[in-house]
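Sequence order for the protein chains is A and B.
Counting in this note's numbering, the first sequence runs from 5 upward without gaps.
Counting in this note's numbering, the second sequence runs from 5 upward without gaps.
To be clear, the hints were calculated from the coordinates, so they are not data collected in a lab.
Accuracy of the hints is not assured; some may be wrong.
Identical copies carry no separate label here, and so any pair may be met within one copy or between two of them.
[Unchecked claim] Below, a list of computed lysine-lysine pairs in the DSSO-like style, where the Cα atoms sit at most 30 angstroms apart: (1) LYS102 with LYS57; (2) LYS54 with LYS102; (3) LYS57 with LYS101; (4) LYS22 with LYS102; (5) LYS22 with LYS54; (6) LYS101 with LYS54; (7) LYS22 with LYS101; (8) LYS22 with LYS57.
There are 2 protein chains.
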Amino acid sequence: MNVFLETVSALNDETRVKLLAFLDTHGPLCVCDLQESFGMIQSRLSRHLKILKDGGFLRVDRCGTWGYYSIRSPLDRFRTEALAEIRCLQLELPPLKKISQNEGCTL
Amino acid sequence: MNVFLETVSALNDETRVKLLAFLDTHGPLCVCDLQESFGMIQSRLSRHLKILKDGGFLRVDRCGTWGYYSIRSPLDRFRTEALAEIRCLQLELPPLKKISQNEGCTL
DNA sequence: TCATAATATCAACATATCTTGATATATTAT
DNA sequence: ATAATATATCAAGATATGTTGATATTATGA
């Protein structure tokens, strides 16, 4: 699949749009944190995060068994504009509930 | 469905991306022209054009039984950026083959 | 080494989207 | 009015995508 369609299809899901908005606000978070906040099972979140990463929106910083996902920077023009649109959406995001207790890593 | 997701899902199909690129270049065309150029059946093109119209990318100017589709102007920032991305794609577009012989309408 | 925790991946099912052929609607010409 | 043309819409099947529970992988600590 070409890059543009991969980018677009990464955006084409409500859960992924909400994940982008959430990570945009609450910075690097691991899957278990998102699991706690979104109340979704781990495999579901892991899959969506992979699609957002492959789509060029997210980066992952590994820290032992944890993987911290955050908005990739810099984004290109199209992805930046998409993120700007997402910021404007009235998304009903869950409250942040961090459970990861990682002293070793500073992200 | 919210506007952003409707916009994104309108872009999330190879045929529609090619239609946008084609109409961007070859200006107002009716379904039968596109049918001739793309070699696709009428109902398929009609459906995709409707999705692009509902997604805010296209306008239609009716002229008797003909409907002339063209890029809507002005587009907002996100749609403009999407179209810019599409212009950069190496799409294998068919050659233009106009069959509509409409003297009455000037578009 | 073994157990535990975090994450990734897989298979099966559910859901959504696309394609096609048939049909409906609308306009024009005879 | 009837026929022909352009387009839109629908139903059915094919394809793609999302969800879930189970399992695999990897890193850490006892």
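Violating hint indices (sorted, rising):
none
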